[in-house]
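A.B. asks: Taking my numbering, the leading residue of the sequence shown gets 293, the next gets one more, and so forth.
Derived by calculation from the structure, the hints in this document are not laboratory data. The reader is advised that the hints may include incorrect statements.
As the list claims (entries may be wrong) - FRET-style restraints, in silico, Cβ to Cβ:
{"id": "1", "residue 1": "Glu440", "residue 2": "Gly419", "range": "15 to 25 Å"}
{"id": "2", "residue 1": "Leu445", "residue 2": "Ser317", "range": "32 to 42 Å"}
{"id": "3", "residue 1": "Glu393", "residue 2": "Val420", "range": "15 to 25 Å"}
{"id": "4", "residue 1": "Lys447", "residue 2": "Asn389", "range": "23 to 33 Å"}
{"id": "5", "residue 1": "Pro446", "residue 2": "Glu352", "range": "13 to 23 Å"}
{"id": "6", "residue 1": "Ala377", "residue 2": "Gly300", "range": "31 to 41 Å"}
Think of the CB as a built atom: it goes at the ideal place given N, C-alpha and C, for glycine as much as any other residue.
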Amino acid sequence: MSKILAPGVAAPEFTLKVTPDQQLSLSELRGNPVILAFYPADWSPVCGDELALFNQVLPEFKKFRAELLGISVDGLWCHIAFAKARNLHFPLLSDFNPRGEISQKYGAYRNKEGTCERALFVIDKNGVIAWSYLSPVAENPGADGILEALEKLPK
């Protein structure tokens, strides 16, 4: 398992594609908390369950004005099809080219497999990591840790 970035570290800036003609930069979300959910692969059973759970909990995240972003090294078209099939209501960002560049900056890249770790980050309104968690790849980490971290953020 990787060593992911720890709380207290400034979250590395990134700009990734959300659609073929739309990009999203982390800095665009400054002023509100951001949840980054790195996951190994679209269409895998555990990832599908994890992201479906986050989709269900999205209204709770919104109570904290938090934005949820899913990130994997899958291609953009794969993300689009997966999000549509699973009826996801949050962006999936493609860390495809160069493969895993952003995942590596967060310590959430699995070099041997060429995929992301199952890693979660809560970033505060100032762009600093407030909480991070690395889950075993075969386990759905759930949303409790994210919600606890959001509750602890200064208002």
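A.B. asks: Now tell me, hint by hint, if it's right for this structure.
C.D. replies: Here is what the structure says about each hint:
1. Glu440 to Gly419: 15 to 25 Å: For Glu440 and Gly419 the Cβ distance comes to about 20 Å; the hint holds.
2. Leu445 to Ser317: 32 to 42 Å: violated (21 Å)
3. Glu393 to Val420: 15 to 25 Å: With a Cβ separation near 21 Å, Glu393 and Val420 satisfy 15 to 25 Å, so the hint holds.
4. Lys447 to Asn389: 23 to 33 Å: This hint is violated: roughly 39 Å between Cβ atoms.
5. Pro446 to Glu352: 13 to 23 Å: holds (19 Å)
6. Ala377 to Gly300: 31 to 41 Å: holds (38 Å)
Hint violations for this structure: numbers 2, 4, all remaining hints satisfied.
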